[in-house]
Amino acid sequence: MHIEIGYRPAQAMASVSLEAGESIRAEAGAMVGMSTNIRMQTGATGGLLKGLKRSFGGESFFQNTFTAEEGPGEVLLAHALCGDILSLDMPEQGLFIQSSSYIASAEAVDVQTKLGGFKSFFGGEGLFVLYATATKAAQILIGAFGGVEELACDGSLVIDTGHLVAWDATLDYSVGKSADGWLSSFFSGEGLVCHFRGQGRIWIQTRNPQEFGHAVGRLLPARER
Amino acid sequence: MRYELLDKPDFGMVKVAFEAPGEQLVVESQAMVARDSGVDMSTHMRGGWMAAAKRKVLGGESLFQNTFTATAPGQALWLAPNAEGDVLALELDGGSDIMLHSGAFLAASPSVSLDTKWGGAKGFFSGTGFFLLKCNGTGSLFFNSCGGIHPVDIGPAGYICDTSHVVGFTSGLNYNVTKVGGLKSLFLGGEGLVCRFQGRGRLWISTRNANALASFVHPFRKVRNKG
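Chains as they are written, first to last, in numbering that gives the first Met the number 0: chain A, 0 to 224; chain B, 0 to 226.
FYI, nobody ran anything at the bench for these hints, they're computed from the structure. Some hints here could point you the wrong way.
Covered stretches of chain B (chain A as the covering partner; in silico rule of three or more C-beta atoms under 8 Å from a C-beta of chain A) [as the list claims (entries may be wrong)]: (1) 16–25; (2) 33–43; (3) 73–82; (4) 214–221.
Distance windows between CB atoms, simulated [claimed, not checked]: (5) A/Glu18 / B/Pro150: 47 to 57 Å; (6) A/Gly5 / B/Met0: 23 to 33 Å; (7) A/Gly5 / B/Met44: 31 to 41 Å; (8) B/Ala156 / A/Thr134: 44 to 54 Å; (9) B/Ala88 / A/Arg217: 37 to 47 Å.
Idealized CB from N, CA, C, for every residue including glycine.
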């Protein structure tokens with residue numbers, strides 16, 4: 000599998016070249032174009048229960064598997080919103096991914112929804128988390144809204160949940176309020192943040208999709224329920 | 000006429016430099032950003048009102064187009080599309096025609112003719128209003144899209160593209176609109192319908208589409224209770 004990302008950063012699209020017989024699994028709706036010898040199969044990855052769990056995670060319940068048949072082929076994948084795409088080699092300990100940032104992964108990557116209970120629920124801003132692991136070298140595609148920056152966490156770091164994209168599973172994380180009191184947390188406009196502890200990489204997006212949605216949505220005429 | 004494409008690919012803009020008085024460019028309404036004050040502008044329904052109405056209703060282009068005419072050498076004109084994304088320029092030599100998806104047209108030399116074509120009955124189901132603007136003749140053609148524009152040279156094997164990502168293609172290509180995968184994929188796979196291209200030629204694909212952006216923003220609208 001060979002992945003090239005073009006039109007960076009704002010209009011990024013991934014061209015995935017597959018060898019004969021190779022597959023990539025992608026979020027429903029991510030396919031822009033493909034060769035005619037690619038077979039697309041829709042399935043609830045990992046069975047129905049796992050699929051249901053994934054739909055709680057904000058990731059589409061069904062995923063599409065693209066397989067090159069009778070020779071090599073290509074698949075073009077992109078996100079709906081403007082922004083950059085990261086192609087990461089799966090680290091040994093795995094990755095946590097903000098669910099709406101996930102685009103696609105090689106077949107060797109196992110993606111599970113973390114039902115973090117209240118911890119994630121209070122993350123608001125759709126902080127449902129996917130946990131990706133791979134048993135061999137494999138790549139994963141992650142999309143950002145806006146640009147993407149890699150931060151190094153050495154000890155501890157605080158990140159706004161709406162700007163989180165992915166992080167090394169070596170890090171401990173907990174979601175909490177941004178200031179000491181609930182009142183000042185609320186009025187600071189910073190809402191909820193993710194506290195990280197340990198050593199590892201964190202990828203953030205330079206824009207917050209929810210904030211963007213609110214900024215534009217309130218300018219539009221009301222919709223019927 | 001010379002031109003430069005600026006701010007590619009995120010926020011493409013065209014800077015045109017006219018070389019001789021009398022040189023003209025036909026421009027989609029509202030696309031002018033700036034011009035030298037000596038450049039004349041006239042507004043009209045190109046090809047008469049029937050042709051213009053057809054372009055408007057079927058092709059998604061505006062009813063009126065503006066023609067800019069240079070009155071002296073060296074005058075400049077700046078053009079930009081409404082959506083965030085790229086602009087491409089082509090020199091048509093009278094050979095292959097260019098089919099553009101509705102809304103992709105930005106500007107053309109007056110010697111380039113524009114005609115709206117019905118995209119086929121199957122296109123109706125694609126939900127994207129699959130009408131095409133057929134551009135032929137000789138001269139420059141500028142078109143744009145939401146997102147970046149990715150060219151694909153199609154050989155005997157053909158190519159598949161999501162209907163909402165088609166920007167344009169050369170007339171050597173034929174397409175039909177089909178579903179991809181089984182029925183389950185159509186309803187659950189989120190990929191909807193695709194265009195299956197055959198023949199030889201070049202296809203331009205956009206990396207984003209406005210429908211997806213609108214769908215993202217929609218849930219953020221205020222809700223009005225019925226009654």
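Outcome of the hint check:
| no. | hint | verdict |
| --- | --- | --- |
| 1 | 16–25 | violated (count 0) |
| 2 | 33–43 | violated (count 0) |
| 3 | 73–82 | violated (count 0) |
| 4 | 214–221 | holds (count 8) |
| 5 | A/Glu18 / B/Pro150: 47 to 57 Å | violated, 24 Å |
| 6 | A/Gly5 / B/Met0: 23 to 33 Å | holds, 30 Å |
| 7 | A/Gly5 / B/Met44: 31 to 41 Å | holds, 39 Å |
| 8 | B/Ala156 / A/Thr134: 44 to 54 Å | violated, 34 Å |
| 9 | B/Ala88 / A/Arg217: 37 to 47 Å | holds, 38 Å |
Going through the hint list in order, the structure does not satisfy hints 1, 2, 3, 5 and 8.
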